[in-house]
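> Next come the chains, spelled out residue by residue.
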Amino acid sequence: MTGRERIRSAIQFQPTDRSPVAPLLGAHAVAQAGIEPARACEDPVVQTEALLRAADIYQPDGIFTLMDLSAEPEALGAGTKTEAGRHPVIVRHLKDRELASEPLEQRILTGRVPVFLETVIGLRKTLGDSVLVGALMSGPLTAVSNAVGIEALSRMLRRRREELSLLVERMSVACIALQHQYRDAGADAVALLEPVATTSILGPRDFETLLLPWIREITNAAQNDELISILHVCGDCTPSLALFARSSAHVLSLDSAVDLPKAQRKIGQEIALMGNLDVRHLLPKGSAQDVGTAARELVSQMGEGFILSTGCELPADTPQANVAALIGGARSELCL
Amino acid sequence: MNADVNADVITVSLEQAIEAGDEVQAPTFARQLLDLGQTPTHIAAALSRAMSRLGERFRRLDIFVPDLLVAADAFEAVMAIITPALVSARNPRHGKGTIVIGVVEGDIHTLGKDLVRVMLAADGFEVHDLGRDVRVDQFLDAAREHHADIIGMSALMTTTMERMKDVIDLLKSEGIRWDYRVIVGGAPITQQFADEVGADGYAKDAPTAVAIANRLIEGNVI
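Heads up: the protein sequence lines correspond to chains A and B, in order.
Under this note's numbering, the first residue of the first sequence carries the number 24, and numbering increases by one thereafter.
Under this note's numbering, the first residue of the second sequence carries the number -6, and numbering increases by one thereafter.
Certain hints may be false.
Here are the computed lysine-lysine pairs in the DSS-like style, where the Cα-Cα straight-line distance is at most 25 Å [said to hold, decoys possible]:
1. B:K158 to B:K197
2. B:K89 to A:K308
3. A:K118 to A:K104
4. B:K197 to B:K89
5. A:K104 to B:K165
6. A:K104 to B:K158
7. B:K158 to A:K285
8. A:K308 to B:K158
Think of the hints as simulated: they come from the structure by calculation, not from any bench.
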């Protein structure tokens, strides 16, 4: 079974020879290659080489582009800055009316976004069909939030709800356009990153009425494109899990704040789960033995429909031995 | 309806306006209370009750960050009216403790810090907001200048959270670590991280920051 086949089987709740494993290697891969994060976010050749190097070392079943939540907002006009050792960060937000004045489907394909499209092309070309190639892109709410600022988004949510709904709709159309591009570039999967949909910010009722319909539009479009759709949300989202399961995504990727085995008991019949080893302490600071134990325990507690991964992108300073232990945790557990 | 009864009704309306995040009605009610002869301290107490209830509701996941933010806007609209009077009256509510607060260097995400600032002020602390992208030495300078009891630091990014340790290390190297208590918070921060960098408290959200600040001021172990 190739890694790609293993992940495809897992999301269809079919037996696999072992648990698939696909950590978000981005920042770690770039650091291991001795490359500045900002440079990898600006140069597809550099990013591709770093990810291929990591794929060669760790042999994951799937590999994803770097996590850069500033790329889409920057393409739409937000200002960013780059500093040594850091991903680009947004330093100037847009007025919300700047997102309402013209279609976003073309604008979102500008700036550094093509870097990630070309990275997908490079990964696909080299890895062939053996490894799943995935793209990470901002979901519509997070893209709006990072473009206008979360304070502005929060105020719109309570005071100008209709206008915010319109922005989310427009951004969703742009996300679908970008998703098509990733399909054309050769991606197997697109992960919608929606950290702003975490429960403490977007309560279940707001998620259901404001965002869920548009997430469904995007994931349905992904299925029409024969893409695997992944919804990634950060933080403790336990109260919203049942709603996330209604997203039509193939996979729900959650961070370590969520008890994943419990989540699987709750919604595991409806959606495959991905995650969720701790990237704040365990992976960068724990021992390889700790990581291996945590990975094996998680795999042993999860049933079919599970992809072992990180809770979020691996920090740059994660020791290689810890990443290897994570990958090894899946390989030591057969789930025929 | 006599003036006292009327003031009671308006005070309740003020608290409801704060909880609803109504930044138009809330200052209107505050002005009406001042016109009826109510003291700024009476109004500040109403704000404090409203923000305290919001904190409880946030903990129960009955409301969410956007609700806290619009309530904070309404709170600040009222504070703009009553602050001059509070300061001139040397309001004893601000005797609770002094806090300098900011978002660490390299980080511009101010939402969490802003909510903490408002809720601390509502609870009676004197808060000096240093804003965002605050250099390590600026935290110390501000703490000295304002004779702070507590230094509060916020970060949203894993790439910037290490600046918190830099601030604490600088306090140590200057020999003034125990002149101040340190609270850290923000999305990537955990209790484990707070312990590792040597902070005195970890606040996972704004209401928790208020509770910890109170405990630190009272000298209780966190």
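> Each hint needs a verdict: does it hold in this structure or not?
For each hint, the structure was consulted:
no.	hint	in the structure
1	B:K158 to B:K197	holds (17 Å)
2	B:K89 to A:K308	violated (38 Å)
3	A:K118 to A:K104	holds (19 Å)
4	B:K197 to B:K89	holds (22 Å)
5	A:K104 to B:K165	violated (32 Å)
6	A:K104 to B:K158	holds (24 Å)
7	B:K158 to A:K285	violated (35 Å)
8	A:K308 to B:K158	holds (16 Å)
Hint compliance for this structure: hints 2, 5 and 7 are not met, and every other hint is.
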